[in-house]
Structures are given as structure tokens and as C-alpha cells.
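With the hints in hand, could you dock these two chains into one complex?
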Amino acid sequence: MTTTGQAHAVLGHPVRRKEDIRFIQGRGRYLDDIVLPRMAYLALVRSPHAHARIRSIRTDAAKAIPGVLAVITGEDLEELGLAWMPTLAGDKQMVLAVGKVLFQYQEVAAVVGETREAAVDGAQAVEVDYDPLPVVVDPFRALEPDAPVLREDREQKTNHIWHWEVGDREATEEALRRSDVVIRERIRFQRVHPAPLEPCGCIADFDRITGRLTLYVTSQAPHAYRTLLALVTKLPEHMIRVISPDIGGGFGNKVAVYPGYVCAVVASMMLGRPVKWVETRTENLTSTSFARDYHMMVELGATREGKVTALRVKTIADHGAFDASANPSRFPAGLFSICTGSYDFPVAFAEVDAVYTNKAPGGISYRCSFRVTEASYLIERAMDILADELGMDPAELRRRNFIPPEKFPYRSALGWTYDSGNYIAALDRALALIGYEELRREQEERRRRGELMGIGISSYTEIVGAGPSHTFDIAGLKMFDSCEIRVHPTGKILARFGTRHQGQGHETTYAQIVAHELGVSVEDVLVEEGDTDTAPYGLGTYASRSTPTAGAAAAMCARRIREKARKIAAHLLEAAEEDIVWEEGRFIVRGVPGKSVTFPQVAFAAYTNPPPGMEPGLEAVYYYDPPNLTFPFGTYVCVVDIDKGTGQVKVRRFVGVDDCGTVINPMIVEGQIHGGLTEGFAIAFMQEIAYDENGNCLSSNFTEYLIPTAVETPRWELDRTVTPSPHHPLGAKGVGESANVGSPAAFVNAVVDALSHLGVRHIDMPITPWKIWKILREHGITE
Amino acid sequence: MPARKGKRTTGAPRVPTRKAAEAVRPAARQRIRVTVNGRPYEAEVEARTLLVYFIRDTLGLTGTHVGCDTTTCGACTVLLNGEAVKSCTVFAVQADGAEIMTVEGLAKDGELHPLQKAFWEHHGLQCGFCTPGMLMAAYAFLKENPRPSEEEIRIAISGNLCRCTGYMNIVKAIQHAAQEMAAR
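Those sequence lines, one after another, are chains V and F.
Counted from 1, the first sequence has number 919 at position 555 by the working numbering; the numbering is strictly sequential.
Counted from 1, the second sequence has number 88 at position 58 by the working numbering; the numbering is strictly sequential.
Treat the hints as calculated values from the structure; they're not laboratory data.
Hints should not be assumed to be uniformly reliable.
As a list, the in silico SDA-like pairs of lysine to any residue whose alpha-carbon atoms are at most 25 Å apart [as the list claims (entries may be wrong)]:
1) K202/F / K1008/V
2) K427/V / K202/F
3) K1008/V / L890/V
4) K202/F / I1145/V
5) K202/F / R380/V
6) K427/V / E478/V
7) K1014/V / A57/F
8) K147/F / A373/V
9) K138/F / R386/V
10) K202/F / D1056/V
11) K147/F / K427/V
12) K202/F / E478/V
Covered stretches of chain V, as calculated for chain F (at least 3 residues, CB under 8 Å) [stated by the list, open to error]:
13) 560-567
14) 640-653
15) 862-868
16) 931-939
17) 1071-1077
Here a beta-carbon is modelled for each residue, glycine too, at the ideal position from N, C-alpha and C.
Just chain F, same shape as in the assembly (with noise of 0.2 Å):
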């Protein structure tokens, strides 16, 4: 896939839709297999069930937060299959299958992800609130960029909004990050 330096996160996943003629009510419940963080899980959701709650409520996996409603905020953004998404714009059945990243998988063995390193090095946070989701869009977009400008990463961040910061230091939180990781 060529990169595509600065995309915003979108709650569309790259997964199969259903036909029309497969649709299904929206309580009935279907039986899921994802992979989070590593870890597989299988678990009975209904239709209508959100990403996002089967991550915080199912799961129990609460880093992924909720601000919009609108697939605006991206508070909720998440790895699916790679990608960068905003889970409260993706059915937990439109997830069957799927390999999901979230912010509770940055840190590997107690070590802190550079991103995580950066944000809190730089003052890259203030409530916290949209951190996960920012850190989320961050790390989906230096596996396409490593080396982004700072323009590339205001436009790569744009889908996900930021009410303490005024973004300054997330910029330069993830262009030092980039640095670091470049650098390993």
C-alpha cells in the first residue's frame, strides 16, 4: 500500500459488509473472535453493539474512551488490522476476525512506547482525556510516515480533537517520538 502521508482517521474500517438480503436486527446477538493486544477473546455481542463498548464494557479495556458521538472526536480510535479507526463508527460484528490495537497495548514488557515517552516528556497532555485515541492515530501514522513533516502530522492528528492542549506539544511530542524511533 503506498503511504499516504497524513490521512485523518475515519470511523470506515476496512472489512467486508454484509448484503442487504444478511441483514440483521439490531439486538440479535452473534458470537465474535478478535484478537486485542495480543491476546485472543470470544465473546456473544448484539448487532448494534458498538467497537468502542465491546472494547471498554466486554472487555473491560476502559483507555478507549468516548467524547462524540460523531466519529468527530476520535477519542475512540483504535487499530484495526492496522489501521487506524474510530471505534464508535465500527460494529463489534464488522470486527469478527480482526487483529485490535489499543492504547493498553503501546507499552511492551513495562516499557513505555516513545510515543508514550514523548507525550509525557513534552507535555503532550493535559485531562487526558483524548490521549489514548491521539496516541492511537500517532503510532498508525508513523508506521506509514516515519519521517513526517510537521504539517503531515497536524493533518494526521486532525480527526482527533484535543480541548486542553491547543495541540503544540502533541506535535512536538510525535515528531520526537519519530526521531526516537527512527534512531533505533
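Next comes chain V alone, as it looks inside the complex (with noise of 0.2 Å):
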């Protein structure tokens, strides 16, 4: 049995990760490795135009090819009332074109085959005529009154969708008149995807003899399938059940529901049988969600002394084709107006405005709550313009707009509560590790030596752990998240949770969190998600929201449980409840320190011997409504060196100082940041899924969509500060995203500070080395 020293050193240390054990086996169970009996293959005909109607599809071909079972297509749907289906963002999506298509790669039909071969073969065998229409590739063009009018099956005659605006615009307007100076630029936000390693599939397994459908699925949110899945199908809920097994990476792309899945479970209702589909690479980057493709006017207005007076921001959103970006229901935008970030503005107004092109649907977070990605890179870059235009360091730019320790919990100008951040604390720390000063001295000594080296920061505040039900639902659906907890007899631990895992390692955090509650160690308490039919209902898991709401539910329903306990003790130790006390994992009697019961001694007794009148059992579940956000913040400093010849960026160095709060496990939060950092990286240097005048997908597949490889990659320095959220039982905050979102204007800053003596303010990404050889070449520096 585990003693209670151990037990107690279980929170904040490094715990080796108990789903490891699989994975490096080759014992994970990806939604590939999912094999049902009589199990058919679903492959999608796609379209190869961005926008035309369709004439006619002829499918004859198709179901002469041996195994070939089924071909389904968008008129078929229609019947079913399935050819559409609602996107989370109110709006509503093709399954399957019906009349004509509106992206390249959009869903055409649907083939069914015994096999995975025959399934491809009968795809390609479908025959479809179309007639091209007009493309309108760029947002800016779309919102022209003569634009082609992209979705002729809403009523409103126009390509923008939604306009969404918060903040004061007038006294905004007025403040920035009355500023000192004001700096006015367009950043954009190019188009990314997730590609998570594996890509997306599901398989649906309908049985026609019990009613029953049960979709293994890639999904970060299981349950929220299956309720909407049950509002869309009309099956009842209770006859649904969803199972997200392991899952490949998510960040993201694993929230929406896609067309395949909804092909792939009526296929299996017409044939009985069940019915795979699992993407390709190419059909991931060209058809599933994208994140960003924001365009935005920022006006940042300040004083002389570099005090910031107000911010503007205007956005154009392109969504592409539909607006299927999963956002909680009242922030279309998600919560982009976070983009105050770590400031204190006394005001501030931002607006969006949402548009249709012939591109990708989506728009979802890419491992980023709702948008923070966007609004983070904004203020950041803004902040080094003005540092710029002021001719001040950006370092004491940020130091002397910081919103002080003292003024938390601070009301932001656009209305959040931002919980508790040392912002100082974390650019200081970050300063002292990487040298700032001395940075500085070299950086103007190589200048003068005709070298580019620039030092970029970044110092940003991030909003997640979506969210109180006050504020915050999705779909209707409330955003709380849940815990079950279960003590078998020999004090044993169950855990279940309604988020789902994609690498975060909640098996091993989660685990912590009960452990360290109860008083057992980790390897007692095994962590179970992804089962709808098992697990607590739950929003699952994107946009840093597990630690802050799953991880508090863990801590709260551990508690729960306790408090059972604590009565089961008196009994054992016949004593006083409100004598019996929780110290080092152990129930005592107050002052009789010899006179003690261990937690899975309690737990027999639950079974084996409960006091008289109580019911017997040790098991709790909560459901946690977070009272607000959490608010992690830090500081990233950047070094790098350009190549003159070749525009080939270097990365020199990269410091960064993270505050996620109270630390659960700090090697897993180390492992996140390096992976958001080099995400965040990829982006700012070499991301774009990128569109030619026709529509035509550039950024099909990892050849043309890079992912960087560990020769690239910079190697991280990490430190801490830790600055707890006053709210969360444990003062957790989320992490998963902070590297992603505060990285990105890190890099661009530290780029742009190397070029900022030719005049150079700013340098929209991916910044490729043929971008900046440009730049040199244009202010004629050659090597």
C-alpha cells in the first residue's frame, strides 16, 4: 500500500506519462486501427473546381467496378434531408453538393466499397459535369456590390455573413484623435491548418437490429457529437453512442463534424453493415477546418511617452464557403477581444466582419481559444510598431503599459475580468535569461558591420478554459466539464472525464489531480475519456479548457468523495466527524495523532462495513461551471540572423517564460510549450494554405503545406513564473496553447527589428527567405 509521503509528492512533479506504455508499443488505438466485423470503406468524389454548378454525376461506372456497394450523392441526401447540415457557427454546410460546389475539394459523392481499393476505384470512376462559374477568391472582392454572390441558398443577395463589433467606438474614435501618435497597419493572418499527424475518419457501425448506431469517431468533443448528431440524424440520443478512440494530434481539426462522418453513418443505416472513412493527408489540408485568414486594420494610438491611449481593430474574417467555425454561441468572432492583451487601455472598440469565398469552410482555433491566436499577434506586432514609430525599446515600451500586479483582478476595456498575471515578472525573467542588454550592444555592433540580427518579444496574455454557463455555450450547450469518480473496494480509482485527450497526457495529469486528493499514488487511479456511453457528459477538449474545467472537476469531485470518507472514518476510528482530519493523505483523529485510517481503508469499508444509515459505496460525479476564464500570460524573446544572400532567417535563440499557474506536471507543460513553440514557428516561417485566382488549393499536402522537421527546429529555453488563478481549486490555468499564440509575433518582431534601420515595419507571414530576399534586394542590400 502507498505511503502518504508519496502521495503527497504527487502534485507538481514530473510523473512519467501512464498512456505512454501504448503508445510506445505500437498498442495505441487509433481510429484506423479499428476493425469491425463485415466493415466496408467509404472514399469521397470531390470537386476539382472551386466554383460551378454541376451538370449532371453518372454513377453507372462506379457500381459496375466489382466491390463496389454503394455510391451516394447529394440528391440522395436531399431525400434524407441530410444533403445539408448545421455548422456550430449557425450557419449550414453541403454534406454533399447538391445544384454546385463552392471549393475546390468540396464533397461531391460518396462511394462504398468492400474494400478500401474498391471503394477508391469506384470514386474515380464517377463521372461529374460541371459548368464553371466565377471565383471569388478574395474577401475584399467578395464584399464589391458586383461580386458573384456565392451562396445562393441564403436570402440575404451578399457574401458577408456576420459584422460583430464590442467596445466603446466613439470614445475610441475620440481617444485616438486626441493621441499623441497613432500607428495604423495591416496585418494579416494567413490561412493555417491544424494538420494533426493523423488525419481525420470515423467508423459508423448502425445496427438495424437494435436501433443502435455507434460512431467511432477522431473527435475532440464526443459527447457534443453526440447530441448534435441526434438532432441531426433524429435518432434518439440514448441510441447513440459515440467512441473517440486514441487520437493522432487534434489541435483543433477534430472539433467540427465533417461531411465524411455524416456519409459514412448513412451509409452504414443503408447497407447494415459498418462503414469506414478515413481521409487522406491531401483531402485533411483541403477540406477540413483552416484557422485564421483574419485581415486586419489596427490603429494603436499612444502618447509621447509611450502610454498607450486607445486601440481600433477592423477585421475582415474570410470564412470560405461556410461558416463552419466552432466558437462558443455569443462570440462569433470567438473572443478576439482579448486583443487589449497584456495592456492597460482605458479604451478600446474592435469589429469583424465575416465573408464567403470559394475556399475551405472553417475557421476553427488551431490550438488557440477561439481566435486569441489572432487577436495576441496583433497587439504584439502593434506594440513593436509603436515602439518604432516612438523610436523606444520594446521592452520598456511593454514595461510601462503593463497592466501592474497590484491592478488584478483587472476589468479590461473590452470586458473581461482577467483573473491574476505578473507581466513584469515574466518579461524580466525572460530579459535576464537571454541576455537583453548585451543582445542590444551586439545587435548595433553588427549593424554597423552591415549584419541583420534582430531580437523580437513578445509578452502575451491568452484567455482559456472555456467557460462559465453565464457566458459561454456551444450549440446550447452549456460549457461546463465533468468527472466521475469511482472507488472499488481495495481503494482502486476509476476516473472518468467528458474531455478526450489528443497528447495532452490527461491520463497522467488527471490521475495527479485524484491521486493527490485522495491520497493514493498515480498508478492507482486509472483515467478513462472518449466513451460516451461510460464517460460524464463533458465539451471535451480544445481551446485550454481541461485543466480549468475537467482538472477542477477532478479536484472537486475528488473532494466530494473525500467527504464521504471523512464520515466513513469517524465510524472506523469512532470518533467525532467534525474531529477527524485530512492530513498527508491520511483521515486522523484530532489530536490522537497515533489514531488514523488510510484512504483505502475507508474505501473497503464503504463495501465491506458502512457506518449504520449511510448508503454504502464510495462514488461521486461533479459537473464544474467555472466561475470565470483563466488568463496564463508570459514573455518570448527571440534572436535571429539573416542571411543576406539567401533571405534565410536563423534562429539564434528563443527564451520563454511561461505562467500557466499552479503546475500540475511540469515535464507535460514543458512538452506542450515545446510543441506550441514550434508550431507557433511554423507558421510565422513557412504556413499558408494558399488559393490561386481560380481557387485552385496550393497547400494540398506536405510537400507544399511544411511541417517543420527537427532540422529546422530551434531548440527552446523554458522557465517559469507561477502566479495561480485565484478561482481554480487547484489555481491551474491552461497551457496546451500559450506557445502557439504568444510565439507567432516573437518571431515576426524579432525579423522585422532586424530589418527596422532599412525602414521595414512590418512583414506579413509566412516570412519564406524568398520574401525577405525581396526586401533586401529592394532596399539594395545584396551579399
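Shown next as C-alpha cells:
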């Protein structure tokens, strides 16, 4: 039996991950690893055109191919009322094209075969006649009055989807007018894709005899899928079971429901057989949820002394053919209103206009809590531009404008209540670690020698852990999360959650929380997620919400268990309940140190010797509704050297100081930051889902949409400060996305800093060698 | 064979190729014999069946993953006659007569391989999807270069993409495994 000493060394320790034992031996169970008896395979026919009318679809040749079981078109789905499906953003999306296609690679038909190969052969044999239509890829062009209206299904004959605004328009206008200095810049956050290494997929298994549908699916939010499926298919919700197996990375890509899933469900119901659909990498990059694609115009006012006075942002959001973004209902532009960042703005105003274009649908949050990455990038870029305008050191400008530690909880100009923060401490730590003063001296010297070196700072503030039910819901579902704990008679524990990890280490982190609260060892706690038949209802894992919501639920649920255990302990120790104290993982009679019982002893008694009149057993469930979001923060400092001959940027050093409050497992937290920084690096320097003027996707596989390898990826130097969240039961904040949110600005700021003496003020991402090379040549700089 | 330090895993296997005159139709079936993780198998496959699908679907060894379809990501890396290859770019028929090793063959008699232990110890994985390919690439590499530098490790695994870890802990794990293996 575990000693209490070990049990209490659990929280905050780098406990080796429990889930790894299967992954390192090839025994993970990912979607495509699952094979069911009589399983058929589905492949999709996709549009080669970005905008075209469908004249005809001929399926005879496909049906004649040996092994092809069925061909499904939009017309077939129309008869079932499933040709369109609702999106989480309140729009609707074609499952299979009816009448026309609106983006290249749009789903046009589904072919089911006995084998993978038969399905693909069948898909290639489906003949579709298209009449090409004028293509709109530029969101600004889409808003022009003479632009073709893409969505003919809508009543509104415009490509404008919605307008959203927050803040005080007039006061901001006034403050900007009165400011000594106002900088203006058009900043684009390019379209990118989460591209988890495992593509999306599902197996729909409809049992005609029982009428029950089991959907195995790569889902970050299995319960939400179940409810949405019930609403869309009209199947009773208890007759649907969603199982989300091991997931090979999500990053937001596995939040939305995709047409392939609906097709597989329909095919399974038609055939009475399980039907598997797994997308190819090309299908993943070209048709599933993209992220960002924000065109932002920022205006930032300040006094000559460098005190910020006002922030105004006007954004055009390119949503592609359907608004399939996944945001809390009241926030069509997500939490973009965190764009005042770490700074004490007296007034601000932000507005976003969403637009349809002939591109893939989406607008999801890629490793980001709902448009927070765009907001953080915007303000951190704008602060550097302001520093440049004022001729002030960017670190000093930040220092002068940080929300001071004593002002927390802090109410921002755009309405958020920041829970806790100490921004100066993180900045100072990061500057000290990198040797900022020395680097600035070195930069001066190098400049004199004609060398290009830059230092970039980003002092980000995030808003994660959605969210309190008074403000946050998705499709009406409040954004709580849950934990159920079952304590077995021998004191071993099964804990289940409404979240679903995709590599974040929940099986370990949650076990640490439960073990910490109940005085047992981590080995004694088994964590399960992902099966809607067994897990308590929850909204899933994205937006860095798992530790703030389900992690809190774990602590609260364990405390609920402990309260019952205390009563049992009193019974065992023959003492009054109020005399029982919980100390170092034991129940002790106050003042009688020798008289104690361990948690496993109490668990055994719950089943073998419960107090008279008490309900036997030891189980609890807790639905945690967070009182506020959590606001992680930190400072990143990046040093780059630029090769004048090639335009190649080399990241020489990168220091990250993050503060996510109480750390539950420092090894996992560090791993999350390594990963987030690497994705931020990729976005800054190599990634864009690009289209040509005809709407052809130019980033349709990993040879065009680049993923950094071990060779390009910089070495990250990390440290942290700890400012606990005052409202989380453990003081923890979310951390999985901080680095991806905060780092792009650090990279870009460093590159622009290296070129600022040439008058360069901004460069849009991705910063490729070609872009730099052109800038250098424009300024007459050659090797 | 001279040690080639830091070679990227590619899809090109060292197997004889058929002459054009002997070309077969994609769906034509052919019988192959392979040894996988020391165990002999015999099966009939379509000429177009990729080695990775043969390993996954026919043999049921699902530790080897498919992540990209373009020989870029390396999640499908296995050893073919001792050499790391991307099994999504090898036809199963090309492996006829070959010795194959997959991630399932790394641990021996319930004892984890030092690479597996090191990945676990140093948090060299998160979602786990790239891990089998990464382990196999590292395994083949350490056989060629048992005392690699950090830079050599980075080059050696640059044919294997990871979206979660940022590689630092993977590199650290391979360094530690190399030390552990050298000490044996």
C-alpha cells in the first residue's frame, strides 16, 4: 500500500506518463486501427473546381466496378433531408454538393466498397459534369457590390455573413484623435491548418436489429457529437454511442463534424454494415477546418512618452464557402476581444466582418482558445510598430503599459476580468535569461558591420478555459466539464471525464489530481475518456479548457468523495466527524496522532462496513461550471540572424517564460510549450494554405504545406513564473496553446527588428526566404 | 557498408525492381513470403497493395501508421532487411522474401528496448502517432551510428515529422538511449 509521503509528492511532479506504455509499443488504438466484422470502406468524390454548377453526376460506371456496394450523391441525401447539415456557427454546410460546388475539393459523392481499394476505384469512376462559375478568392473582392453572390441558398444576396463589434466606438475614435501618436498597419494572419499527424476519420456502425448507432470517430468532443448527431439524424440520443479512440493529434481540427462522417452514417444505415471513412492527407488539408485567415487593420494611439491611449481594430474574416467556425454561440469572432493583451488600455474598439469566398470552410481555433492567436499576434505586432514609431525600446514600451500586478482582478476595456497576472516578472525573467542588454549592444555592432540581427519580444496574455455557463455555450450546451470517480473496495480508482485528450497527457495529469486529493498513488488511478456510454457529459478538449474545467472537476469530485470518506473514517475510528482531520493523505483523530486510517481502508469499509444508515459504496460525479476563464501569460524573446545572400532567417535563440498558474506536471507543461512553439515557428516561417486566383488550393500535401523537421526546429529555452488562478481549485490555468498563441509575434518582431533600420515596419507571415530576399533587394542590399 | 551518419529515412527500398516487360496489373494478385518481427508469414496481396497496408490490414500490426500519403511524415517507418524505409512507398510485393521489423518487434520478452524506455522517460511523445516510425528510424540510425552527435540525430530523424513535441525531447531520448545501449 502506498505511503502517504509518496502520495503527497504527486502534484507538481514530473510523473512519467501513464498512456505512453501503449504508444511506445505500437499498441495505441487509433481510429484506423479499429476493424469491425463485415466493415465496408467509404471514399469521397471531390470537386476539381472552386465554383461550378453541377450539370450531371453519372454513377453507373462506378457501380459496375467489382466490390462497389453503393454510390451516394447529394440528391440521395436530399431525400433523407441530409444534403445540408448545420454548422456550429449557425450556418449550414453541404454534406454532398447539390446543384453547385463552392470550393475545390468539396465533397460531391460518396462511394462505398468492400475494400479501401474498391471504394477508391469506384470514386474515380464517378463522372461529374461541371459548368465553371466565376471564382472569388479575395474577401475584399467578395464584398464589392458587383461580386458574384456565392451562396445562392441564402436569403441575403450578399457574401457578407455577419458583423460583430465590441467596445466603445465613439470614445475610441475620440481617444485616437487626441493621441500624440497613432500607428496604423494592415496585418494579415494567413490561413493555416492544424494538420494533426493522424487525419480525420470514422467508423459508423448502425445495428439494424437494435436500432443503435455506434460512431467511432476522431473527435475532440464526443458528447457534443452525440447530441448534434441526435439533432441532425433524428435518432434518439440514447441510441447513439460515440467512441473517440486514441487521437493522433487534434489542435482544433477534430472539433467540427465533417461531411465524411455523415456519409458514413448514412451508408451504414443503408447497408446495415459498419462503414469506415479515413481521409487522406490531401483531403485533410484541403477540406477540413482551416484556421485564422484574418485581415486586420489596427490603429494604436499613445502619448509621446509611450503610454497607450486607445486601440481600434477592423477585421475582415475570410470564412470560405460555409461559416463552419467552432466558437461559443455568443462569440462569432471567438475571444478576439482579448486583443488589448497585457496592456492597460483605457478604451478600445474591435469589429469583425465575416465573408464568404470560394475556399474550404472553417475558421476554427487551431491550438488556440477561439481567435486568441489572431488577437495576441495583432497587439504584440502593434506594440512593436509603436515602439519603432516612438523610437523606444520595445521591452521598455511594454513595461510602461503592462497591467500592474496590483490591479488584478483587472477589468479590460473590452469587458474581460483577468484573474491574475504578473507581467513584469515574466518579462524581466525572460530578458535576464537571454541577456537582453548585451544582445542589443551586439546588434548595434553587427549593424555597423552591415549584418542583420534582430530581437523580438512577445508578452502575450491568453484567455482560456471556456467557460462560465452565464456566458459560454456551444449550440446551447453550457461549457462546463465533468468528472466521475468510482472508488473500488480495494481503494483503486476509476475516474472518467467529459474531455478527450489528443496527446495532452490527461491520463496522467488527471490521475495526479485525483491521487493528490485522495492520498493514493498515481498508479492507483485509471483515467478514462472518450466513450459517451460511460463518461459523464462534457464539452471536450480544445481551447486549453481541460485543466481549467475537467481538471477542476477532478479536484472537486475527489473532495466530494473525501467528504463521504471522512464520515466513514469517523465511524471506523469511533470519533465524531468534526474531530476527523485529513492530513498527508490520512484521516486522523484530532489530537490523537496514532489514531488514523488511510484512504484505501476507508474505501474497503464503504463496501464492507459502512456506518449504519449510510448509503454503501464510494462514488461521485461533479459537473464543474467555472466561475471565470483563466488568463495564462508569459514573455517570449527570440533572436534571429538573417543571411543577406539567401534571405534565410536563422533563429539563434528563443527564451520562453510562461505562467500557467499552479503546475500539475512540469514535464507535460514543458512538452506542451515545446510543441506550441514549434507550431508557432512553422506558422511564422513556412505555413500557409494558399489559393491561386482560380481557387486552386496550392497547399494540398506536406510537400507544399510544410511541417518543420528536427533540423529546422530551434532549441527552446524555457522557464516559468507561477501566479496561481484565484478561482481554480488548484490554482491552475490552461497551457496547451500558450506557446502557439504567443510565439508568432516574437518571431516576426525579431525579423522586423533586424530590418527596422531599413524602414521595414511589418512583414506578413509566412516569412519565407523569398520574401526577405525581395525586401533586401528592394533596399539595395546584396551579399 | 560504410556508416552514413545522419541519413534521412526515405521510401526507396533496396529490393530488385521488375523489368517493364514483367509489369503486372494493379489489382493482380501475387503470393508473398515475409518474416515480420521474426515470424514467417505467407499471404496473397494485390500488386498495388502498399507494404504499410499489408502490415496493418493483413497482418493486423497496427503500430505502423499512415500520416501523409506523400512519403513525407515517416509515421509508417519500418525496417526492411535492416534498413529504415517508409512503408507507404513500398509495394508489399517488393518485400517478398524480406525480413521486416516493426515497432511491435522492439520489446523483447516483455522488456522494453532502451529507445522505448528513453522516449517514455524523457517525454519523447505526446499523441503517440509519430512514435512508432520515430522509434524505428532511431533504431536503424543507432545501429549505423551508435555514438551520434545531437546534430546527427536531428538529421537522421528529419524524415519523420512530429506535430506535438518540437523534437527536443525526442532528440534527448535518442541521446540517452544511445548511451544506455553503448553501456551494455
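Going through the hints against the structure:
1. K202/F / K1008/V: 33 Å, violated
2. K427/V / K202/F: 53 Å, violated
3. K1008/V / L890/V: Given that 25 Å is the threshold and the Cα spacing comes to 55 Å, the pair is violated.
4. K202/F / I1145/V: Measuring from Cα to Cα gives roughly 40 Å; hence the hint is violated.
5. K202/F / R380/V: Given pair K202/F, R380/V holds - Cα atoms ~15 Å apart, limit 25 Å.
6. K427/V / E478/V: With a Cα-Cα distance of about 12 Å, the restraint between K427/V and E478/V holds, given a limit of 25 Å.
7. K1014/V / A57/F: Outside the cut-off at roughly 48 Å; violated.
8. K147/F / A373/V: 23 Å, holds
9. K138/F / R386/V: 15 Å, holds
10. K202/F / D1056/V: Judged against 25 Å, a Cα distance of about 41 Å means the pair is violated.
11. K147/F / K427/V: With Cα atoms ~50 Å apart, K147/F and K427/V exceed 25 Å; violated.
12. K202/F / E478/V: 45 Å, violated
13. 560-567: With 4 residues in contact (Cβ-Cβ under 8 Å with chain F), the coverage given for the region 560-567 of chain V holds.
14. 640-653: Satisfied; 3 residues make the cut.
15. 862-868: holds (count 3)
16. 931-939: Our answer is that it is violated, as 0 residues pass the Cβ test (under 8 Å) against chain F, missing three.
17. 1071-1077: holds (count 5)
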